[in-house]
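Chemist: The chain contents come next:
Protein chains: 2
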Amino acid sequence: MAKQIENKSLQKLANLRRQHKGLITLMPLQTGGLLTDAAKEALTEFGDGYSVCDFCQGSLCNVTNPAIRNFAQEFLPQFLGCDVATITHGAREAKFTVMHSLAKAGDSILVDANRHYTTIVAAERVGLHVIDVPNSGYPEFRVDIDGYASLIKEKPPKLILLTYPDGNYGNLPDARRLGEIAQEYNVPYILNGAYAVGRMPVKMEEMGADFIIGSGHKSMASAGPVGVLGMKRKWEETVLKKSGIYSNKEIELLGCTVRGVPLITLMASFPHVKERVNNWDEQVSKAQWFSAELEKLGFKQLGEKPHRHDLLHFDTPVLYEISKRVRERGYFLYKELKARGIWGPQPGLTKSFKLSTFAADRQQLGFVIDSFKAILSKYN
Amino acid sequence: MAKQIENKSLQKLANLRRQHKGLITLMPLQTGGLLTDAAKEALTEFGDGYSVCDFCQGSLCNVTNPAIRNFAQEFLPQFLGCDVATITHGAREAKFTVMHSLAKAGDSILVDANRHYTTIVAAERVGLHVIDVPNSGYPEFRVDIDGYASLIKEKPPKLILLTYPDGNYGNLPDARRLGEIAQEYNVPYILNGAYAVGRMPVKMEEMGADFIIGSGHKSMASAGPVGVLGMKRKWEETVLKKSGIYSNKEIELLGCTVRGVPLITLMASFPHVKERVNNWDEQVSKAQWFSAELEKLGFKQLGEKPHRHDLLHFDTPVLYEISKRVRERGYFLYKELKARGIWGPQPGLTKSFKLSTFAADRQQLGFVIDSFKAILSKYN
Chain Y
411 MAKQIENKSL
421 QKLANLRRQH
431 KGLITLMPLQ
441 TGGLLTDAAK
451 EALTEFGDGY
461 SVCDFCQGSL
471 CNVTNPAIRN
481 FAQEFLPQFL
491 GCDVATITHG
501 AREAKFTVMH
511 SLAKAGDSIL
521 VDANRHYTTI
531 VAAERVGLHV
541 IDVPNSGYPE
551 FRVDIDGYAS
561 LIKEKPPKLI
571 LLTYPDGNYG
581 NLPDARRLGE
591 IAQEYNVPYI
601 LNGAYAVGRM
611 PVKMEEMGAD
621 FIIGSGHKSM
631 ASAGPVGVLG
641 MKRKWEETVL
651 KKSGIYSNKE
661 IELLGCTVRG
671 VPLITLMASF
681 PHVKERVNNW
691 DEQVSKAQWF
701 SAELEKLGFK
711 QLGEKPHRHD
721 LLHFDTPVLY
731 EISKRVRERG
741 YFLYKELKAR
751 GIWGPQPGLT
761 KSFKLSTFAA
771 DRQQLGFVID
781 SFKAILSKYN
Chain G
411 MAKQIENKSL
421 QKLANLRRQH
431 KGLITLMPLQ
441 TGGLLTDAAK
451 EALTEFGDGY
461 SVCDFCQGSL
471 CNVTNPAIRN
481 FAQEFLPQFL
491 GCDVATITHG
501 AREAKFTVMH
511 SLAKAGDSIL
521 VDANRHYTTI
531 VAAERVGLHV
541 IDVPNSGYPE
551 FRVDIDGYAS
561 LIKEKPPKLI
571 LLTYPDGNYG
581 NLPDARRLGE
591 IAQEYNVPYI
601 LNGAYAVGRM
611 PVKMEEMGAD
621 FIIGSGHKSM
631 ASAGPVGVLG
641 MKRKWEETVL
651 KKSGIYSNKE
661 IELLGCTVRG
671 VPLITLMASF
681 PHVKERVNNW
691 DEQVSKAQWF
701 SAELEKLGFK
711 QLGEKPHRHD
721 LLHFDTPVLY
731 EISKRVRERG
741 YFLYKELKAR
751 GIWGPQPGLT
761 KSFKLSTFAA
771 DRQQLGFVID
781 SFKAILSKYN
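Chains as they are written, first to last, in the working numbering: chain Y, 411 to 790; chain G, 411 to 790.
So that you can see chain Y by itself, here it is in the shape it has in the complex:
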C-alpha cells in the first residue's frame, strides 16, 4: 500500500502541469519573465543537458556557437551601459559574487531599507555587516538617497547597494544622485536592477554605478534562473579573476555559470527585450491609470505617487473585510480571480498585495478592473 502511494506520487512527477498557464498574469514575479516565441523555440532546441556547450571553448562567455560570446561581450555591455558583462545564475548570485570578491567577513556595506531579502542573505554568506539606509515609512516608503552620504561619513563602507526599483513598492529612488555620492566618497556602488533591466531603459554609466545587475527570469523574458552582471572595466580583474591553475576559468563563476537553456532563452528574447524597453512611457502610463482605477474601488496604492513603475502595491481593506466573513477566508479572492482567468495576488492574500501591469494590455487591465468591481459587488 505504501509502495502503491509512492509509485503514484512518483509517476505524478512525469506529468507536471502548471496551473496558471494562459491566464492574464499580474503576478509581479512573473510578468517580465514570460517567454517570447523565439525563446520558446530555443527552449526546445537546447533543452538537452549541456547542449549549450557543444562547442565549448573553455568558458561560457567565449562560446561562439551558439553566439554567447557575441551576446555577452558585445550586446550585453551595450545594453547595460557598462564595460564588461557576464552571465550569472540570477540577481542574488550576482550580488554574492560582487560582495564575495570585493569584501571580506567583518566588512560593512550600506543598502537601502527596501532591498530584496537576498541582498541580506548574500551579505550573510560573505559574513558582512549590513547597515540599512532607512525609507520614509508608510505609505510611500521612499528611500532618501542623502541617507547614504551621512552614513558613509560616519563609517566608510566597503560597498553600497541600491535596489532600483525595489520589489515591494516599485519605487525608483534617485540612482543617479547615489552615483555622485559614490564617486565623491569613492565607494563601489551596486545597482540592483532586477525589476528594471529588460523592462525600462537603464544604463549603468548614466547612473554612475560600478555594477549593474539584472534578472533574466524576472525582467528579460527568460526561463529561470539566469541573471546578468555588468561592471566598470576596473573591477574586471577583481570580480572575474582567473584561476591560478586554470588560466581561462573565472574563480567567482566557478568556471562557467548558466551552462544550459535559461541562457539560451535570455539570448533568444534579447532582440525583443532590447526593443520593449523603449515602450516604457506607455508602461508607466498604463500602471498609473490602472492604479487610479483601483483606488476608486477603495484600494490604496502604497509607494511613490505618481508611480513610475509597473509594480504596484495596494492596501485593500475592502477585500480584507470580505475575507473575514466568507467560508474560504483569504482564499476567496484568488479563487474569484482565477475563475475569471486572472492570476495576480498570492493565494490567501486580501489585506495587501502586489500587482504588476507589465504583461497585460489596457483591454485586459480593463477586464481586471471590472472583475474587481464585480467581486466587490458580489460580496457587498
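Hints listed in this document are in silico derivations from the structure and should not be mistaken for laboratory results. The reader is advised that the hints may include incorrect statements.
No copy is singled out in the list; a pair is fine if it fits within one copy or between any two copies.
[As the list claims (entries may be wrong)] With a straight-line cut-off of 25 Å between C-alpha atoms, the simulated DSS-like cross-links for lysine-lysine are:
1) K651 - K514
2) K514 - K652
3) K450 - K431
4) K418 - K450
5) K413 - K565
6) K613 - K418
7) K568 - K514
8) K783 - K710
9) K413 - K684
10) K514 - K659
11) K684 - K418
12) K413 - K613
13) K761 - K745
14) K710 - K761
15) K514 - K642
16) K734 - K745
Fit chain G to the known structure of chain Y by using the hints.
Modeler: Same frame as chain Y, now just chain G:
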C-alpha cells in the same frame, strides 16, 4: 553598414539552432543529459520565467505545487542514500557550498588527482589549500585510496573529496574504502558523483561518505544547469544554516537555487532515471564490448581495464597520423563522423579523445565502429 551587421547578428539571436540535434551522441558531457519525453513536456509547461514559484512557500524545497517538496525531501534522499538532500545549480556549486560552509580560507583539503577542474576552482573561491592524492599515471591513471590515509596522517585536512568516476578516464576508485578511512580519521568526505548519480546505482551511506553530489544535466536527463546535494543529518545545520534575519532562507543557497525549469526537467525525468540505474550491468558490458572493438582498430583505451563505466578515453595514433596529412588537419574526424550522423570527439581532436556509450544502443554503436573502420580505410 556597421548598424546593419549589428542588426543581422542581433536577429540571429532570435533563431538559435543546435547543430548536433538528432545525431548519435557519444559526447561524454551530453549522453546522460538527453531529456526524456516527460522532461521535454515539462520544459514547455514551465518555460516561463519564475513559473516554478507560482505557489512559493518561502523556500524552493518546500514548494508543493509542483511537487518539489516531495521530490527533494523524500525521493531524492532515498535515491541518494542520504538523510537530507537539496537542489543546487550543479555539481560545482554543490562542492563550493560544502567547502564554503565547512572550511575557511587557509584550510587544507585532500582531493584525488583525477578531480574535475571545478573542484580546484571551488576550493580557490573559498581560499583553500588543495593537496592531490596522486594517480598511477599512464595508462590507467588509478587513484590509490590508501594515499588518502597517509596524507591525512601527515596533516589532517578539513575535508576530503573523491571523484567517482572521474570525467577524464571513467575510473571508479574504491569509494567504500575511502569511507572507512574517513570514518577512522573523522574527516568529512565528499563523493562527487557527477558521472555516477543517475547512471549507475550509488548510495552515499553505502560508501560511508558525508556528502554525495550529482549533476542533473550530466547524468540525470535534465536541462542544464541543475545539481543535487545529499548529506548526513549531522551536516544539515552547518551546510543548510538558516539566515539570522529570514528564518526560512538557507544562507548557502541564497534562499533558493534553481528557481526555474531545469529543476522541473530533473523531476520529470526522475521516474525514468530511478529505473535506468538498474540497467547498469548492461551499460558496462556495452562499454567493454565497444572499447574492445575500437582497440582492434588500433585505438588504445586509457583508464581502468576491464572498464566499469561508459566514459572511455582513447589514444588514437592511427587517426592522428591521418590528421597530419589531410587538408582539414584535426577537423577531418569531426566532419567525417558528423557526415555519418555521429557526434563524439570535440571538433579538432584526433590524437586522444573521450567517448561515452551511455546513450547509444548496441546497433548504433555497431554503426559507430563500422564508421571508424570506414574512415580509417578511406584515408589509408
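Chemist: Evaluate each hint against the coordinates.
Modeler: Hints, one by one, checked against the model:
1. K651 - K514: both (16 Å within a copy, 19 Å between copies)
2. K514 - K652: Classified as both; 19 Å inside a copy, 20 Å across copies.
3. K450 - K431: Result: close both inside a copy and across copies, 14 Å intra and 17 Å inter.
4. K418 - K450: Answer is between: at 21 Å across copies they meet the 25 Å cutoff, but 30 Å inside does not.
5. K413 - K565: neither (61 Å within a copy, 48 Å between copies)
6. K613 - K418: For K613 and K418, the Cα distance is within 25 Å only across copies (23 Å; inside one copy 51 Å).
7. K568 - K514: both (9 Å within a copy, 21 Å between copies)
8. K783 - K710: within (15 Å within a copy, 76 Å between copies)
9. K413 - K684: This pair counts as between: shortest inter-copy Cα distance 15 Å, intra-copy 52 Å.
10. K514 - K659: both (22 Å within a copy, 22 Å between copies)
11. K684 - K418: This pair counts as between: shortest inter-copy Cα distance 14 Å, intra-copy 45 Å.
12. K413 - K613: between (56 Å within a copy, 20 Å between copies)
13. K761 - K745: within (15 Å within a copy, 64 Å between copies)
14. K710 - K761: Intra 11 Å, inter 71 Å, cutoff 25 Å: intra-copy only.
15. K514 - K642: within (20 Å within a copy, 29 Å between copies)
16. K734 - K745: within (15 Å within a copy, 70 Å between copies)
Hint 5 from the earlier list is the only one contradicted by this structure; the remaining hints agree with it.
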